[in-house]
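Novice: The lines below spell out each chain.
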Amino acid sequence: MSGNLFNFLNLSPSMFDRLINPDNVAVVGASTNPKKIGYVVLENLKNNGYKGRVYPVNPKGGEILGYKVYESMEKVPEDVDLAVITLPAELTVKIFESVARKSRFVIPIAGGFGETGEKGKKMEDEIRNIARKYGTRIIGPNTVGIYIPSTGVNTALVVRERSRFPGDGEIAFITQSGALGLLTMDSVSMYDVGFSAFINLGNRVDVNENELLEYFGEDKKSKVVIMYIESFADGREFMKVARKVSKKKPIVILKAGRTARGGKAASLHTGALGGSDAVADGAFKQCGVIRAYDEIELVDYGRALAYGRPVRGDRIAVVTSAGGVGVVTTDYIESEVRGIGMKMADLSEETKKKIKEEVVPFASVENPIDMTAQASDDDYDGVLEALNEDENVDAILVYALFQTPLISEKLVDIITRWHRKGKKPLVVGTIGSDFALEMMKRFEKNRVPVFPSIERSVKALKILRERAKILDYLKEVEE
Amino acid sequence: MNEYEAKKFLKKYGINIPPGTLIRTPEEVESIDLNYPLVAKVVRDDIIHKSDVGGVILNICNEDELRNAIRKINQKFDAPALVEEMQKGGVEIIVGVLKDSTFGHAIMFGLGGIFTEVFRDVTFRVIPITDKDAELMLSEIRGKKILEGYRGIKVNREAIIDLLLSVSKLVEENPQIEGMDLNPVLAREKDCVVLDAKIIEK
Chain L
1 MSGNLFNFLN LSPSMFDRLI NPDNVAVVGA STNPKKIGYV VLENLKNNGY KGRVYPVNPK
61 GGEILGYKVY ESMEKVPEDV DLAVITLPAE LTVKIFESVA RKSRFVIPIA GGFGETGEKG
121 KKMEDEIRNI ARKYGTRIIG PNTVGIYIPS TGVNTALVVR ERSRFPGDGE IAFITQSGAL
181 GLLTMDSVSM YDVGFSAFIN LGNRVDVNEN ELLEYFGEDK KSKVVIMYIE SFADGREFMK
241 VARKVSKKKP IVILKAGRTA RGGKAASLHT GALGGSDAVA DGAFKQCGVI RAYDEIELVD
301 YGRALAYGRP VRGDRIAVVT SAGGVGVVTT DYIESEVRGI GMKMADLSEE TKKKIKEEVV
361 PFASVENPID MTAQASDDDY DGVLEALNED ENVDAILVYA LFQTPLISEK LVDIITRWHR
421 KGKKPLVVGT IGSDFALEMM KRFEKNRVPV FPSIERSVKA LKILRERAKI LDYLKEVEE
Chain B
1001 MNEYEAKKFL KKYGINIPPG TLIRTPEEVE SIDLNYPLVA KVVRDDIIHK SDVGGVILNI
1061 CNEDELRNAI RKINQKFDAP ALVEEMQKGG VEIIVGVLKD STFGHAIMFG LGGIFTEVFR
1121 DVTFRVIPIT DKDAELMLSE IRGKKILEGY RGIKVNREAI IDLLLSVSKL VEENPQIEGM
1181 DLNPVLAREK DCVVLDAKII EK
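Chains as they are written, first to last, in this note's numbering: chain L, 1 to 479; chain B, 1001 to 1202.
Just chain B, same shape as in the assembly (with noise of 0.2 angstroms):
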């Protein structure tokens, strides 16, 4: 499943995705009502790591630089471009889905960039979860002081709580996911958004 069709997805069950549109050829530029700047991304079922390869093209300002993005997008991959507003400020923090093979499918959250990168500050538990677990994976994790209010920054726990429910219902009634990576999620002040999303089906 490609990001788009995996955010299309995530939508149906509530959580919350940058406004967007799938965008083929530079023609259709003309058309979007999105509120500028915007990130392209390239809409492709086999590259899974976008940034890895060139495929994410962030700040674009106006009609024109978009224009551009979608060209080079179009040529250097021969697919189209999921267009997304920006999204600013926040905590980074990561969803995931895997298959254990003991245990079936298991959820996890941490959070993001270097805290999961370095010190795996990751929790999990099994699909499906009640609100009890979610928030105790939210004051499990090491870096739990971040989620609770730190330097200014301020989290709406209540929003990852339900992403969390959210993810674990949408895996329940489609056991065919076998792994899906919410990275990142920006948790803010008034809500958490799904900045990347990528789902893997059997």
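Next up, chain L with everything else stripped away, as it sits in the complex (with noise of 0.2 angstroms):
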């Protein structure tokens, strides 16, 4: 009966609660062994700051890292928020009920299950019957588990002198793949970019991307959710729930693989038409989703939807110091082919006259505003003011570069204030080594959406401008 009641509790989105900020973890083959997973988990746990109970579990006993260890589940106290499994596939399926029968969530870290074959196949089966039976939920396993940086419960193994975990953020991070996942997020940590949330769903015997799409999409924290797909747990399913997430925040997805057809139709055009993944590139424009091609452009597109505005029409602004980066980012705004076929604005008469007569007289005031490298922090602030007002612009692209001896650290600081307070969406370009990193940092910090090239920076422009059709769409069809 308590089964059944646990089972009923753990239906609702809000469930996953307890598995972002558990209040305690059990870790199921702790090791003395720092080459370990069973050792590493425990030491992510202490050293991210989870304030949580830890119970490390092995029949060995003794103490690992401070923590008391308990010779089995059932020695432990009380029932857990989370387990993790960190043995391998076979003795995991050993002693999984004894972990079910006392945690709310559970993830078999092992691989060795479905993705060899019939016989990790049925073993997959067996945890998923003894999970249902106690009502308790599977992430995994063949998975890297999850990483939460607001409640520093971390069960992923890479070599933290080799590797960097990203901070607290707003963004949240599905991925059916661990590998790629800790990958895209070990580079972006390069910007101090910060996630609210990363799981790795793995071989997806239970909870599947859709069930978190929907907590996350509710979730006051994630801003904006990003989803690494290989293949859909059920296509229809997902549609559904990022119809309904879209409307409240952004949906970025890396689809990769190709979708398999069924035989009789492939004798038919459309069969054979329906090759690459064209039905999902129609699926995800009919529920709101827009979708990446790789990883940098996976969170690129995230931050730029977590932290710009939906940007409602074509005409684009460009601020720049530097002429040719003037440019060639008008030819990456205007081309069709390489480039996001939008317009540069046409700057009123009025935005004109201003800039020139009371902000940079020595600067051209076409589209692109090429200021020179004689434009100092307050011109920026001057011509960010003025277009800002003018009728003609739907969103601006600033390039802060820090190289001229004019331009300082408070640039940032102007530029934060017009993405805060503007009218217009901003999107901020930036090029340059260790000093330009630094200021990335900076931005980033500040929840501006920065980008360290122009071709990124145009694309995120892009893809604002995507996320206010996709707005207008979501409505247009719902009526």
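Think of the hints as simulated: they come from the structure by calculation, not from any bench.
All residues carry an ideal CB built from backbone N, CA and C; glycine is no exception.
Some hints could be false.
Computed list of lysine-lysine pairs in PhoX-like fashion (alpha-carbon distance at most 25 angstroms, straight line) [unchecked claim]:
#1 Lys469/L x Lys1144/B
#2 Lys1145/B x Lys469/L
#3 Lys343/L x Lys1169/B
#4 Lys248/L x Lys1088/B
#5 Lys1132/B x Lys240/L
#6 Lys244/L x Lys1132/B
#7 Lys475/L x Lys1132/B
#8 Lys1145/B x Lys1088/B
#9 Lys343/L x Lys1145/B
#10 Lys1169/B x Lys475/L
#11 Lys240/L x Lys1169/B
Some residues of chain B that are not near chain L, with every Cβ distance over 10 angstroms (derived) [said to hold, decoys possible]:
#12 Tyr1004
#13 Tyr1013
#14 Asn1016
#15 Pro1037
#16 Ile1129
#17 Thr1130
#18 Glu1148
#19 Gly1152
Combine the two chains into a complex, taking the hints into account.
Specialist: See below:
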């Protein structure tokens, strides 16, 4: 009976609160060997500042990293919100029932399940059935697990000296591949990008992307959900959930792999033309999902959407202190082929006059506005003020280039202020090495959408424009 | 489902097909009420690509030619023929349906002929679609300019959108359908007409 009740309670999306922010965590298969995942998970919990109670489980008992070790799950003094099993597949199955009966969520880390063949699939059935009996939910198996910066829960195995975990943020990341997910997070840690949660679905014997998408759709902390998916657990259900979520917050998906197609219909023209993932592409459009094509786009678009505002029209004003950057940007904005097919705004006479007479008499007042190397922080302030008042401008792309003498770190604050208070959505481009990177981190800290190249800045604009169109579309099809 | 049955099916959903009739023997020719020129096509469930096997006779201008055509088809395929009025003008488009293993039934739209064969210029949506979806499908193919009026070519966009919506509805109400090719469809100034139709059921 109690199992059934637990099951019932565990069906609402908010149940994942206990996964993200568990009161206590058991690590089954805890180890004293620093090279073993059973040690690393404990170390992660300790070093990431996890504040809940930690229960290492190992028949040998003793103490690891100052935590008392329990000889079996039975001996753990209370039921736990989360149990991480760091044992090999067969051992995992063997002790699974003892863990499931005392845990709300179980993460079996081990590979060697369904991905290896029939025997592994049977083991998956076995743990799934046990979990159902107790109303326990499984993430995985064959997963690096989860990483939640805000609560310090981290089950991932990486060498700390050679990789970084990002800090807290507003991006929720659901990934089918653990390694791709961890690599992506490591690489964007360079800019101090933060995440609200990272969850690796693994073999997905129980919890799938649809439930998590629904959860993060409701989660107040997450402003955007980014996903790496190779195959959908249930395509139609995904569309239903995604349509609901994308009304509230953006979803970006990196979808890899191609869809297999039924035999009979392949004799038809339509069947043959349906190759690649043309159907998925259409489906995403119908549920407001934005597509990324690699891990860089995935996080760039996620950041643009988490920090930026939807762009309501095609007319872009570009501000730069480097003429060439303006010219290349213009090509990228206007070209349909290697570009985003939007328009350079025709600035109003009033704006041009303001810029020419009051701000920067030496600058070109045609769009792109080239303020030249003589530009100062205050000049940027004045130009951004003028552009924010221009009816002909739908969004602003401003390049913060710190290499010239009159530009200082203050520019970050000035642009941040316009990003927060200005009427127009704004994207920042910055180009350069160490110093530029430091400035990027400051923009990132201020939640200003900043990108380290012309192309990536322009693509962010395109995505913010797409988001506005998606919101219009979802409204229209609803009516 | 053969072409004759497929077209009857389409007609039930208000989809425009050429005036035509099924003719079994040369003797039945006298009773037809169709305007020449006509086309005669073999109707047999196992023949999907009729023109590849010589099962399509075009430009039939009078009763004698029609009688000959029917006789030929009877002899060659031991099967009846669908006889239809030849259609003129417009732009060839293709509308199709497939059943995707992830998303289920999906509808495809594209420009016909070289655009689909060479450029694969087609777009998909999951069924059911809204009129907004249909409209977006028309405007996102690379050859979209042709549908907007190009060098004297004029097409009725509303008629194409209606066709897509009708196909979506038909499949929604008949989920046993596994695949469909409406190819070609002529998109004309006033209407859309389905010249050939293939429907595969489970």
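Novice: Each hint needs a verdict: does it hold in this structure or not?
Specialist: Hint by hint, here is what the structure shows:
This hinted pair checks out: Lys469/L and Lys1144/B have alpha carbons roughly 19 angstroms apart, not beyond 25 angstroms. As the CA atoms of Lys1145/B and Lys469/L are separated by approximately 21 angstroms, the hinted pair is consistent with the 25 angstroms bound. At roughly 38 angstroms between alpha-carbon atoms, Lys343/L and Lys1169/B are farther apart than 25 angstroms, so this suggested pair is violated. For the suggested pair Lys248/L and Lys1088/B, the alpha carbons sit about 49 angstroms apart, so the restraint of at most 25 angstroms is broken.
The suggested pairing of Lys1132/B with Lys240/L holds, with an alpha-carbon distance near 18 angstroms, which does not exceed 25 angstroms. Restraint check: the Cα-Cα separation between Lys244/L and Lys1132/B comes to about 18 angstroms, which is no more than 25 angstroms; the hinted pair holds. For the given pair, Lys475/L sits about 11 angstroms from Lys1132/B by alpha-carbon distance, which is consistent with the 25 angstroms threshold. About 21 angstroms separates the Cα atoms of Lys1145/B and Lys1088/B, which keeps this hinted pair within 25 angstroms; it holds.
Straight-line distance between C-alpha atoms of Lys343/L and Lys1145/B comes to about 19 angstroms, which keeps the hinted pair within the 25 angstroms bound. Taken as a hint, the Lys1169/B and Lys475/L pair is honoured in the structure, with Cα atoms around 22 angstroms apart against an allowance of 25 angstroms. Using a Cα cut-off of 25 angstroms, the hinted pair Lys240/L and Lys1169/B holds, with the two alpha carbons roughly 19 angstroms apart. Annotated as non-interface, Tyr1004/B keeps its C-beta farther than 10 angstroms from every C-beta of chain L; the closest such distance is 18 angstroms.
Under the 10 angstroms C-beta cut-off, the non-interface status given to Tyr1013/B relative to chain L holds; the minimum distance is some 18 angstroms. Against chain L, the non-interface label of Asn1016/B holds: every CB pair exceeds 10 angstroms, the least being about 20 angstroms. No beta-carbon of chain L is positioned within 10 angstroms of the beta-carbon of Pro1037/B; the least distance is around 26 angstroms. With a closest Cβ-Cβ approach of about 8 angstroms to chain L, Ile1129/B is found to fall inside the 10 angstroms limit, against its non-interface label.
In this structure Thr1130/B is not separated from chain L by more than 10 angstroms, as the shortest Cβ-Cβ distance comes to only about 5 angstroms. Residue-level check passed: Glu1148/B sits 15 angstroms from the nearest beta carbon of chain L, beyond 10 angstroms. Once the 10 angstroms rule is applied to beta carbons, Gly1152/B is consistent with being away from chain L; the minimum gap is 25 angstroms.
Taken one by one, the earlier hints fail for this structure at numbers 3, 4, 16 and 17, listed in ascending order.
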